[in-house]
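Trainee: Sequence:
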Amino acid sequence: MQEINQCNQKQIIQSINSCQYVIQYCQDYQQINFTEFYFCTINENVLVLDILTIFVPLLSFQILSSTSEIYLSASLQKISNFFKFSQTFTAITILAFGNGAPDIFTALIAGKSQNGGINMIIGSIFGAGLFVTTITLSKVIQNAKRIKIDQKIFLRDILFYIFAQLIILFYTFIGKVTWYMSSLFISLYI
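Residues in the sequence shown are numbered consecutively from 1, following full-length UniProt numbering.
Just so you know, these hints were derived from the structure itself, not from any lab.
Among the clues, some could well be false.
As the list claims (entries may be wrong) - Straight-line distance between alpha carbons at most 30 Å, and here's what the computed DSSO-like set of lysine-lysine pairs gives:
hint, residue 1, residue 2
1, K84, K145
2, K176, K112
3, K78, K152
4, K78, K148
5, K84, K176
6, K152, K139
7, K78, K176
Using the sequences provided together with the hints, build the complete structure.
Mentor: Here it is as structure tokens:
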């Protein structure tokens, strides 16, 4: 027998008491019950929801950045000093892997999916790259007192990034990517 989902927006809105309906029928769907929060705690107040939608991510980014500054930067510096790595090498290996590890594991899972998962992961990776090269970089520049750029290293990194994007564009025009073609990315990184 097929179970009927009683926790949907249409039924919640049509009920006499939305909050009571949500408490009764929408408890098993989410670990943090945002439906109950919306209908019971803030009483369907869209203005409060909009304010929280802006404030909560900003607070989360602030907490994450201060935690990274205190713990991650110090840890990377110690690892770099212990193994006598240059700051550039540490940034493009350890920090980059730490930052990209969730994307790697998501890509492995999505790549095996038959439901267009590969399109989702490519969009996700490009979106993350765009976010880092626009929002993150601009905030770093704005918060730094003074930035001195080694032009050779900076130009090298940008050219490799552009070259990798051009390879992806080329593969898109071809319409397929083989195992050998994908290994070009790894050789480019090394």
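Trainee: The structure should be examined with respect to each hint, and the outcome stated for every one.
Mentor: Hints, one by one, checked against the model:
For the hint linking K84 to K145, the alpha-carbon distance of about 27 Å falls within 30 Å, and the restraint holds. Only pairs whose Cα atoms come within 30 Å are accepted, and K176 paired with K112 is accepted, the gap being roughly 16 Å. For the suggested pair K78 and K152, the alpha carbons sit about 26 Å apart, so the restraint of at most 30 Å is met. Between the alpha carbons of K78 and K148 the distance comes to roughly 23 Å, so the proposed pair stays at or under 30 Å and holds.
Annotation: proposed proximity of K84 to K176 is violated, straight-line Cα distance about 41 Å (limit 30 Å). Note on K152 and K139: the hinted pairing holds, with a Cα-Cα distance of about 23 Å set against a maximum of 30 Å. Of the pairs offered as hints, the one joining K78 and K176 is violated, with about 43 Å between alpha carbons and a cut-off of 30 Å exceeded.
When the structure is compared with the earlier hints, violations turn up for hints 5 and 7 and for no others.
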